[in-house]
Structures are given as structure tokens and as C-alpha cells.
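These protein sequence lines are chains A and B, in that order. So in my numbering, the last one in the first sequence is 483, and the numbering has no gaps at all. So in my numbering, the last one in the second sequence is 483, and the numbering has no gaps at all.
No lab work stands behind these hints, which were simulated from the structure alone. Not one of these hints is a red herring.
Copies of the same chain look alike in the list, so a pair counts if it fits in one copy or across any two.
Straight line, CA to CA, 30 Å or less: simulated BS3-like cross-link-like pairs of lysine-lysine: (1) Lys290 <-> Lys54; (2) Lys54 <-> Lys64; (3) Lys341 <-> Lys319; (4) Lys194 <-> Lys64; (5) Lys127 <-> Lys14; (6) Lys64 <-> Lys283; (7) Lys283 <-> Lys127; (8) Lys15 <-> Lys445; (9) Lys320 <-> Lys194; (10) Lys253 <-> Lys341; (11) Lys54 <-> Lys127; (12) Lys174 <-> Lys244; (13) Lys54 <-> Lys319; (14) Lys64 <-> Lys290; (15) Lys64 <-> Lys318; (16) Lys64 <-> Lys341; (17) Lys445 <-> Lys228; (18) Lys445 <-> Lys474; (19) Lys54 <-> Lys194.
2 protein chains.
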Amino acid sequence: MSEQRQEGITVKKMQDFSEWYTQIVTKGEFADYGPVQGTIAYRPASYAIWEKIQNVFDGMIKGTGHRNAYFPLLIPESFLAKEKEHVKGFAPEVFWVTHSGNNELGERYAVRPTSETIIYSFYAKWVRSWRDLPLLLNQWCNVLRAEIKSTKPFIRGSEFLWQEGHTVHASKEEADKEVMMILDFYTELVEKYLALPVLSGFKSESERFAGALYTTTIEMMMPDGKALQSGTSHNLGQNFSKAFGIRFMDKENKSQLAWITSWGMSTRLIGAVLMVHGDDKGAVLPPKIAPVQAVIIPIYKTGEEKEVLKKAREIKKKIESSGVSSELDDRDDRTPGWKFSEHEMKGTPIRIEIGPRDVKEGKAVIVRRDTSEKRSVPDSDIANTVLSLIETMQKDMFDRAKANMKNSITETNDYKKLCEAVKKGGFVLSDWCGDSSCEIKIKEETGATNRLLPFKDMKKHGQCVVCGKNAKHQAYFARAY
Amino acid sequence: MSEQRQEGITVKKMQDFSEWYTQIVTKGEFADYGPVQGTIAYRPASYAIWEKIQNVFDGMIKGTGHRNAYFPLLIPESFLAKEKEHVKGFAPEVFWVTHSGNNELGERYAVRPTSETIIYSFYAKWVRSWRDLPLLLNQWCNVLRAEIKSTKPFIRGSEFLWQEGHTVHASKEEADKEVMMILDFYTELVEKYLALPVLSGFKSESERFAGALYTTTIEMMMPDGKALQSGTSHNLGQNFSKAFGIRFMDKENKSQLAWITSWGMSTRLIGAVLMVHGDDKGAVLPPKIAPVQAVIIPIYKTGEEKEVLKKAREIKKKIESSGVSSELDDRDDRTPGWKFSEHEMKGTPIRIEIGPRDVKEGKAVIVRRDTSEKRSVPDSDIANTVLSLIETMQKDMFDRAKANMKNSITETNDYKKLCEAVKKGGFVLSDWCGDSSCEIKIKEETGATNRLLPFKDMKKHGQCVVCGKNAKHQAYFARAY
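Sequences and hints are given; from them, build the entire structure.
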């Protein structure tokens, strides 16, 4: 461990992105590979970020009347099969339980790849009357999808952690509103807290969630030019209500099929944070979701430790009372240089260095992780400087990522230019006729998929980038994780 | 739903405990039965209690340097088999994954029944030097154990939620300390927050965790005379370190086998809360872990709602600013009587009733859930009264449960009396020689198991209650869940 860490990241982010990411993840101790293909251990450094994400999103949904619950992991095969599109979409990646102890089961159980079918079997019992609506539940849990190819820690794996919300409404309009409110929450979570800019819109028919009426999505751009789907919110219409018999008596005492939404975001977001913000020295965590916002590192020779550590403790107390989470790294078996590089690897946003001269002069050195900018600050200004750096750094990180995303976008209705742009990486914004045959052609010839149809599709459409017919939509195409 | 709820609990707790518990759980909407034997949905009413429990315990362990992480659900069969006692103990109840999609797996995967083996396979990579110790990790997750017989929501099921801590230490002494500290945390959590008294001590050799050097436990008494194991903390010694090769270089640069502890408590605690504190009207939640501590119910006829609701909102604001979590039940499609019985069923500790006369007189009626005691309180005293009721109720609930537990204990060294006492229910405290043959005889002839050997075993021992030989321990015997 120790030796490995000291070694640091040995490749440049822009030279070998894939190897760089692997090193960021493993040397930063965010994750380690499990024995089953595509599984990882979420080490404390990444799990603490997940806890921050959970905390923010949980507040958003509880503030709007949602409640948490927990549903069984094991889903009988017959349940999964009740909605035909759904089972077609998920069956190929299901882990199947066939035995308990030494006994073969009468029916196979799916380890949940998502929970629509099991949850709606309960909802069919719980929903009776309009009084029971809206039913607004969410669960935080693990889900499993057997991934064989191109697994990547956090980004694509056989097991991940997520939240899945499942709500039941009396009308399509209410369900529509819920879908959009949640997508707004995702956008706020990701942009304001993770400092990651997104594009948002509808999925095309072929990219929709298996069994949905429509799917909305937020998509990001990774530094290697691949898009990342980062959260989806679906109006499932009445498809699952029909399959599971979720009906309610309305105010006129007539039986009605319910309208359902589901929505999810996952630990994939941790991967996006590492990919987008990280640099050649390691991770860079946005201050708002960094488990430790400032690390204080005392620097001393034998005999000086008492006064240096005393001051370090005072500073810790002071900045914590201003609401900054901090850590005093007072391990005496590590050199300051070792600690610097460890905290750079882990992405701690702010470093405060205190040496004997700082004690004498009533100062401390404050270093920003993202720009490496150093400043010597008088004691009385330390807390304010840290607070303002947190704000500035959070904003700067978002602005840089936003500029990069914007730069990645090529707008064209010329098919050849689309092909070149896809090859180069980034989003291609084109007009599209709406036929899936044109999507398929793009996918087969360039590897890019239709990521989203932007909500703000105001301009007059030209000709479809593929077939030249009159276009119905603007669409963002990109290769994607 | 609605109709069912109005019906209330139809059996008395002391007449048909098992049916009463089922009704408490289902009518109170704490849980509902899943399609796979022994699985349940944890509905919001129970999951919110779990969140409170998580919050308390998470604070305790983080305050002592533990960090959360998350490890894979799927464990290759060969990993599970590495510690012989361990696999023997768990294999009969493992759910086995044999296929992913349409492919048969080369090796079966266990759905974790507990995570020692998978976690220690990572620890073997992460622990190198004394500098890496102690390693203090915890995970909050689901675990699955195929239960066929006598499943009961929360108490015994095929899937439950828990935390499992896994720590690595340089010496047995440090591991011993960790084990005891965690057992103290469990005791504090359960006694101070859940108002549930416990006995604590060591497990006998035959009742020990599969693969442990020793196991410590907290045990409770349920109202039907059966004991409930409620949290265990194990010193695993060096057994798993040997099996998984967890070694570290000590300060003298010598390679040493590490010492490991593991410890867990689960959603079973929710079942204990419902069983012990519930009454013929429904659940009674200890105020400290009740998701809603006080419900405010406005009572009015048409034309009076405006002033009544205004006052209700004022009171909600006032008590919330004193730190009481509250809910204003202002649904206009339910009668006050219906709301009373619903909140009684759900166990909300305090009810505040406000009618037009209360508005005029500047008062409100406050009702305690546990004793049904009612009082009319002037507005200026409402917040203080609620706060003091929360304290009193919490204490009274614990004291009553403690008296019941004490009353359940029969102390005897006479085997016939032991048999009678076991039949009647409760703990039997007897002297025991330490031979498992005597434990087996008790189990076979009475159904009681050795629950624990109390830590405070100060008295001079007499003769073993079974064989009459000189006793080595005091032991508590009881039938158990």
C-alpha cells in the first residue's frame, strides 16, 4: 500500500486516459477489484462521497414528501416476466439464484437488476383508493447486472449502489410533473454539488428504459470524449399498472389504472467526479462533497512539534467552527512530503501547512488542490480564506468542466462531419428525422448512440443528418460508456 | 388498506402473541410479505426506524475512528470454503447464484450470508505494515440466509438489513478491547434509544459464531418468553488471518498474523421494539427513535377549520423549534377518530388534539401513547410538556421492560425447576459445568439453548444444573427466536 502510494500516478491523464483512471481509482484507494468479474470494493474514500451524495439527494426527496423503504433483493422469474419489454431488456444480464443450501428451487430467482417488478407486486396490494395516492417511495440499495465487457470501477460494473424511486399517481399529468421534478433534482445534485455540467432531454424510442412510456436523462461528457448517462427519470405510463394490476378507486368511485414513474442515479457519479476533475497528481474532489474539505499538515523537526501541533489544533478548531470539515494529519511516521502527495492523490480540496516559522509569524500556508495556488495567510484570516476558497474552487471546477463540455460539442447536419466529430470524441448535435434506422446507421458506422433529444429544441429543424429527410428533432450523438 | 386499518388489532397481545405480532406488523404498515419465503418489504414506517438506528450507531462508530465501506454481494464458493468452521455454519442457508443471463458460471457464487470471507480477501491485499493498523471498517448492507421454518417479519427472515464491522488489529489485546467497546455501543443503542434492556455476556463454545475465537452477545426477553439475540461482537482471533493470509510487518520488521474482530446488529431490532413495547392498540415507539415524535390532530366542524388549522400550525412550529419531530395530520378526508387509531397503530409517542374550544381557551390536549394519559395544557406550556413527556415516556418504557425482563428470570440449580421454568418462558439462570453434553441435554429435553455466560459471574459456583459436577460458569438458558 504505502510504497504504492508514494509512487504516485505514473501516466498522464491525456496520454493514457484508461490507465490513468485505473491508477486514480486504485492508488487513491477509492476502489479495489473483487473476485467476481465487474465487482469492486467501495473503499472508505469513495463510500464517503456516496454518503454525501445520499445526504443531499435524500434531503431533496424527503422535502417533497417521498419516503424511503426497502424491497426484497430476490425476484421470482415469473414476476420479472410480467412486463414483456422489461424482461427482454434485463434478462441477458441477470444473475440467477437456483439453489438454497442443497435444495434446488422450484422457480429461479433473479438478483434484482432493478426493482420495478417486485415493487409493483407490492403496490398492487397497497394502492386501493385515490386517498392512497400519490405513493412516493424510494429505496437505497445494491443492484446487480452481469457485465462481462468493458467493466470499469464505478462507471460500469456487475454490482453498484443506487437509489431507485417508484411513485404512483392518479393521472399522467401528475406523473409527468414528478418525472421532471426528479430530473431537476438530479441536475441540481450533479451540477451544484459534484460540479459536473449536464445536458438534459428525452431519450429516443430505442434508447428508452425497457417498459417506459418515455425516459428523461442527464448526460455528461468525459475527458476521453465519451458520454456518460448519469441519471434517468421515467414515466412508465400504465404499462406496469396493467401488468401488475395497480388500480385505484377514483373520487367518483370508478376503478382506474394508476400512472407510475421510476428514477435512479448511482455510484456511477463517483466515477464521473474522478474522471472529469482528476489531474496528473490524482483525484480532485469538489469541496461540497469532499468528506474532508481541508487537511492540516504540521511540519516540524524534533523539538518543534509541541508548538506546531498546538497551533494546528487551534486552526482545526477554528475552521471547523465555521463549518469546514477538516483533518489534522498528525501521524508521526510519515513525512510531510508523503502526506502532501497522499492528500493530492485523494483529492482533498484544501491543504493547510504549518511550520515553526508560521507559528512565529502568526501565519499558515494555504494550498488549493485544483490550481496548486499557494498563499500565506495571517491567522485571523485563515477561516475566511478557507471558506471563500471552498466557494471559488467549487465554482471554478464547474466552470472549467462546463467549458470543456461546450467545447466538445460539434453542431453539424453533414454526415461526414458527424463521423469525423464522433471519431474525435465529444457530442455531435444534429437534426434527426426520428427514424430508428438512421440512429442504427450512425451506431453501426461510428459507434455513437443517440444520447438525448434536448428539452429546449426551439430552432427550426433542417434535414436529417443521415437520410436528408425533414428532421423532427435535434439530437446529441456520442460514443458512450 | 384503509378499511383494514380502521378495523384495528383484533387479538390481545397476551392471548395470541403470534397473531397479534402479525397484525401489529401488517396493519401498522411496518412490513408486508414478499413472494420469496421469508422476505418482506420494509415499509416506510419501519425503514424510518432503521434510519434512526443507523444514525445513532453510525455516530458511535465514526466517533471512534471507524469508516464505512461497501463490499461485493457475491462470494465465490471457494472463498466461503477457506475457513472450515465458517463454511460448515453457513452453507446450509446460502442462496447460490449459478447462472448469469443464459450462461452457466464456472464457479457458484454465494449471495452473502455474512461477509467475513469476501472482506478478508481484500484485507489480505490492504494490510502490509503496522502503519495500516488498526483497520476499522463497517458496512451497511443486506444479507441473505435461506430460512424455511418459523420466519417472522424482522425477527427471522431470508433477507435482512444490518451493519457488519470488520476490524484488523496488531494484537489480541487490541482486538479484545474493540470487541467490548462495540458490545457497549450495542448496549447503549438498544437500552438508551430503543428502551430495550439486555443481558450481556459470552456465548458458550457451541453457540459461538462459526470461525470465532469467542463471541459476545446481548440478549433480550420477548413477551412470549422467548429470548432474542440482538447483537453480537466476535473476536475471530487469527483463524481468518491464517485462512486468508492477513499478515503485517511489525515495528521490528517481523511478519505477524493479524487479529480480527467482526460484529453485527440488524433490522431484527425493529421486531424487538414492536414485540416488547406494543400493546393491544398497536405499536408503541420509544420517543428517541420514533420518526414522528408528536402528531397534531385538528378537530373541527365546517367553518371552524381556519382558526383550528392556524393554531395547529403554530404549535407544530413551536414544538419543532424545541427539536421535536412532528406531523400535522391535516387530511380532510379522514375523521379525527380514524386518525387517532391510525397513529395508535403506528405507535406515534405523543398526540396533540386541537379543537375550537382549545383555540378559545388557549389550550391543547396532549395524550401519551403508552399510558393513554390525557392532559389539557395551556399554550405556553405545550413545548415543555412535550419535551418532558418524551423523556418520561422513554424512561418509563425502559423501566417497564426491565422489570418484565427481571421478572422473567428464574434462578435455580434444580433441573426439574429449570424444565418447568423453560416451559413457562423466560430466562433460567443456572450453574453449568461447561460441558456441551449438558447444554445438549437441556436443548433436547426442553428446547432451551444456552443464551449467554454473564460477564459479571462473581458468585461462587455450585453444582451443574444438569450433571451435578462442579460448575465453571453461570449461564442463562431460554428458548429463543
